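Trainee: So the chains spell out like this:
Number of protein chains: 6
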Amino acid sequence: MRILIANPNTTQAITDRIAAVAANAASPGTEIVAVTARFGAQYIATRAEAVLGAHAVLELFAEHAEGCDAAIVAAYADPGLGAARELLNIPVVGMAEAAMLTACMLGRRFAVLTFAVALEPWYQECIEYNGLQARSAGVFCLDEPFNDINTVAEEKAAKLAELANRAIGAGADVCILGGAPLSGLAAQLRDKVAIPLVDGVAAAVRQAETLAALNPRKPIAGTFRRPGPKQMTGISSSLKTFFKG
Amino acid sequence: MRILIANPNTTQAITDRIAAVAANAASPGTEIVAVTARFGAQYIATRAEAVLGAHAVLELFAEHAEGCDAAIVAAYADPGLGAARELLNIPVVGMAEAAMLTACMLGRRFAVLTFAVALEPWYQECIEYNGLQARSAGVFCLDEPFNDINTVAEEKAAKLAELANRAIGAGADVCILGGAPLSGLAAQLRDKVAIPLVDGVAAAVRQAETLAALNPRKPIAGTFRRPGPKQMTGISSSLKTFFKG
Amino acid sequence: MRILIANPNTTQAITDRIAAVAANAASPGTEIVAVTARFGAQYIATRAEAVLGAHAVLELFAEHAEGCDAAIVAAYADPGLGAARELLNIPVVGMAEAAMLTACMLGRRFAVLTFAVALEPWYQECIEYNGLQARSAGVFCLDEPFNDINTVAEEKAAKLAELANRAIGAGADVCILGGAPLSGLAAQLRDKVAIPLVDGVAAAVRQAETLAALNPRKPIAGTFRRPGPKQMTGISSSLKTFFKG
Amino acid sequence: MRILIANPNTTQAITDRIAAVAANAASPGTEIVAVTARFGAQYIATRAEAVLGAHAVLELFAEHAEGCDAAIVAAYADPGLGAARELLNIPVVGMAEAAMLTACMLGRRFAVLTFAVALEPWYQECIEYNGLQARSAGVFCLDEPFNDINTVAEEKAAKLAELANRAIGAGADVCILGGAPLSGLAAQLRDKVAIPLVDGVAAAVRQAETLAALNPRKPIAGTFRRPGPKQMTGISSSLKTFFKG
Amino acid sequence: MRILIANPNTTQAITDRIAAVAANAASPGTEIVAVTARFGAQYIATRAEAVLGAHAVLELFAEHAEGCDAAIVAAYADPGLGAARELLNIPVVGMAEAAMLTACMLGRRFAVLTFAVALEPWYQECIEYNGLQARSAGVFCLDEPFNDINTVAEEKAAKLAELANRAIGAGADVCILGGAPLSGLAAQLRDKVAIPLVDGVAAAVRQAETLAALNPRKPIAGTFRRPGPKQMTGISSSLKTFFKG
Amino acid sequence: MRILIANPNTTQAITDRIAAVAANAASPGTEIVAVTARFGAQYIATRAEAVLGAHAVLELFAEHAEGCDAAIVAAYADPGLGAARELLNIPVVGMAEAAMLTACMLGRRFAVLTFAVALEPWYQECIEYNGLQARSAGVFCLDEPFNDINTVAEEKAAKLAELANRAIGAGADVCILGGAPLSGLAAQLRDKVAIPLVDGVAAAVRQAETLAALNPRKPIAGTFRRPGPKQMTGISSSLKTFFKG
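Chains as they are written, first to last, in my numbering: chain A, 1 to 245; chain B, 1001 to 1245; chain C, 2001 to 2245; chain D, 3001 to 3245; chain E, 4001 to 4245; chain F, 5001 to 5245.
Mixed in with the good hints, there may be bad ones.
Unchecked claim - Ranges between beta-carbon positions, derived for each pair:
#1 N3150/D <-> R1166/B: 32 to 40 Å
#2 R166/A <-> R5190/F: 18 to 26 Å
#3 I1220/B <-> E5162/F: 41 to 49 Å
#4 G3228/D <-> G5228/F: 43 to 51 Å
To be verified - Not close to chain C: a few residues of chain B, all C-beta gaps over 10 Å, as computed:
#5 Q1012
#6 R1038
#7 H1064
#8 C1068
#9 V1117
#10 E1209
#11 K1230
What the hints assert, rightly or not - Computed list of chain B residues with no C-beta within reach of chain D, every gap over 12 Å:
#12 M1001
#13 T1036
#14 D1143
#15 D1148
#16 N1150
#17 D1173
#18 K1218
#19 S1236
No lab work stands behind these hints, which were simulated from the structure alone. Bear in mind that the values here come from a model prediction, so they are computed numbers and not experimental data. A virtual CB, placed ideally from N, CA and C, is assigned to each residue, including glycine.
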């Protein structure tokens, strides 16, 4: 099985981190193809940056989906996910979506922990977009500067474990470590927090495998059928092929 | 007062229709500047096309917002609205948002009427995104082909008046005519439907004027503060200026 | 354009304050007619006082609406608003409704700030009545005595600015200054608070103008059609005319 | 035990019907005192008429509550209920409230059946005001003229039994016969409908007895404490005594 | 009238406490029959223990319901309530359900107070199961050990009165004392807390009497009709009789 | 990996069907252990039968969980799931839960299709219990008799495909085939329905594998920690070991 992971951030080091965690989480025989946004923000934290990331993800999928069995949008609040699900013939999962739905099987309410308050509104909107407010215990953010986006997981590991305790006090049964830069941290903190932790990349890889294995058909009805043919302007020719109906 | 209207569709004729309705709806002394997306779909109907439209809107605002007092996203489900609200120093309203909030002052439940079933999911998600499900009587769509997107309003006027009656039966107090191609139709059908009709473009222009007149400050806190400075790649230089903090 | 403002409180000084802020907020050419409840409470703060205010508002509208283009219920939680909307042939807006819907175009979550804890339940029920819980960051009240209802705005200006900061911490993108006695304060505090402030009276005047300009028809179907003819007892003859069908 | 029933409609014949059903439903030893609104509508069906009914109910309670153990607002959507609950020292229940909460113990979803479509919006708002949407299967109305409000129950008995079947199809486990003119009908139709029926007056009387027997204290905190002392104008002297703190 | 109370806990002393409070709360002429679970937990506090309690309650009802007019599930979060409502021909109420619905007539938001944090998730799920989140101000728990489940009410009376004050600060209009071991405490604390208190057992007994008096029919449609005949294995013969259709 | 599947129905033939579909859906190397309830209903369809099934599931898990890596509750509305999640040290998933969460990654709204109207209320409560109403397009049931519960899938295959079309019309993006007797049908109907189909057993097996692979810790805080030690009566000795803390 071959899973395509599109990193909507333009930072290659984040892609590398994602790819390593993904390879580790994948079943034997699963191949990971990880690609990086060619335009947009170094690291997406706001709605504006997510708009660019959503477009960049579609371009990546247009170029690389051929021959893959499932695809992943690998920034926490899933820019472009619904759009990609319309366009691709293979299952697509978002990192936040996969983490939240997986967390729902581990507890009644999940908390999302992350390393910067700037991410809170986007993560919160993602919970609401998924209709999961009744399952959320809140988004909990560290409110302090960090040195380097590429090593923020290691830098803030202890602080995030403390933050998990605050989430437990607020009713969380399970914590999601949100944000691609925190990929891999859940495993390291597993025994330092009193409730289960969910890693977004690992959850997304397993859920992508699950969907691919279940082999659902591409819808030709409902709201995720392919858009009808339409004249498109100013986009790459590979992306244009998705809009030929 | 000067109001910038960005049409996320790439069709100039739609922009022309919007501009005419807007000029008619505006207060004396308001100048309308209407611009057209330079890339994306002729006419946006799906999540995938909206992703491109959102990006295109940001580019249009980056280029044209200077010297304007308020801005409008002029495709019904408001692609890029939240992002634009973060980036611009002037108020931004969406056509769907303005229509729905205006409708809330005319009745308890509003219906959205439109000319194609392909639009339903996107419009429905927009209601949910705005948290207005409790005020919605549903999205009602004609389910039949049309000849020309630029004259669909005139072609389907009688059918849309009938559809309004179905919405009344489903509990609507007020109907929104959704979709830029229907701009101007509300005035024509005013006396043919038993409940008030709201025109998206007219509502958006009046709401943009209202916000500009109320002169709220640009937030420097909350979730619509400007994103912090960040290195951006592969976007226009005018759009880049928004991301300098 | 002529806008009728009915103050459901019996205090003329509050009407004077409202009228002054309204005149300032109105477009050129808009005439403000402000009238005061002839029975009920000096200043409405509870459900019981609001019941009287609602009746008083209907009496005021019955007497003064003739010749006006739109009407405003000018106590924050909008006593009698739905009733007035059934009865009048012109658009009617509530001060709270207008403030909240306007705030929805300036941010994702609004807070309502006010000067007395007694007002909290009524304001909270108003949010719920409008179905806007998902857009609310809460009602925030000063919890300390004030000297004079007619000058409480000036007396508590600094404290309310502090309270706004607490609202920001609770997730507010925008603050409404709730309660007719605070009219005009938003403009004064504009640069002292990090997020936009909304003045109830100013928002209501602009929204009333907007509705009047959009010129929606009086519904003859839906839940805001005029009640059918019915024998009414013990009310003023002007109010009776509304119930002749 | 003595229970005060205030009929917010001005029609004495409706009060008589309510009183008869109430006397029949009451426990041995319970005395029913039924009084009729002195101003307002013959039979309340709209928000506007309910505003007048709410005021009329407060006047009735001010005059007659002395010496009673509990009080009932006896028009289906409970005009003035919250206000009365603030003012009175004894428990107050609404006919709709009592019927709906009682129905919640007989099934998962209740339907409200009534004899005129004009009542639907008011009844629906009452469900929403009580936060019981998740327990509602809808409001079902006969849509045909009736001869006499005082005998509509007998006239439409068979049609309402048929309507109950439609409600069952829509997921109702229990049906409320809404509207004071239908009082007493539930008992007559008991064996003609396949699910339990709830009579608003009977439920209200039993719930009023329940609250009186449980003997809860009058709150001096929370949102139903008595309003603080306030200068009131233009209301009866008996009603004024409620506002002396 | 004869009311059957099934205690899903296996502790006879809790049954005795319930029976005493029930007898005190009942109308003259009501006979209380109180029975104790024959298997399961001493005192139910978790979902797992509630599963056993639900089964035990059905067995108790199967054995003892004959000749009774109404039945009560007497553990706070109502294990087996929906199931019993399907099976029995007489009305069934839950202690939590009865307390919450009664509280809704005494205020807008109720708080549930209890003596151990272990009970919080189960009580919270019960609020959600009943669709009453909009009426809840939260579940408030003492977080400290207690000496004896049979005297925890007396031991913690003062602490629970303090806890009620915290609930008032969080918006409660009324407090429920949750958990069978706290039965009877509400009356003792009546004048020590500023808002009304609701006793679960007393509320349940009065509501059971109310339902019996209203005499609703056993549904033969809707979701609480008796299950069709089905072959059952490994349950008592008395319980089997419920499944003969 | 070894996955324990507990069938809460007492019918061995259903267990055999589940086991066959599970083996087919599982990854290479996964061993399926399928066990059958020793008491309760042949085939659970009501709340009452589910109470027995929940108890039976706990007994099965107590006896068979040792040495397994994850466990599945294999009746569609997941009797005993929350309880099992408290008690077991390994991840537990429900068939309905797994199907619904998987469906959320394939579309915005899912429909549940099943073969008997008796199942509707229980399935609907399961959607509500999971907080997924906003993602549900409804439960759709065949309303006609069937010959044999063990072959109902084959008997009704064509009718269920038609039913799926009705669900599409109601807004479904994806359909779940609900109920253990329909296991395996999704694959057969894959190309006969225009949207993706989800098989409950296949989804549950893959999700159980996913959770086991992610290796979350057993919580020692939050609402799914093991219940504290408690004296238990009248249950099997293997089930008692779960309650030793």
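Trainee: Hint by hint, where does the structure go against what was stated? Just the numbers, ascending.
Mentor: 2, 3, 10, 17
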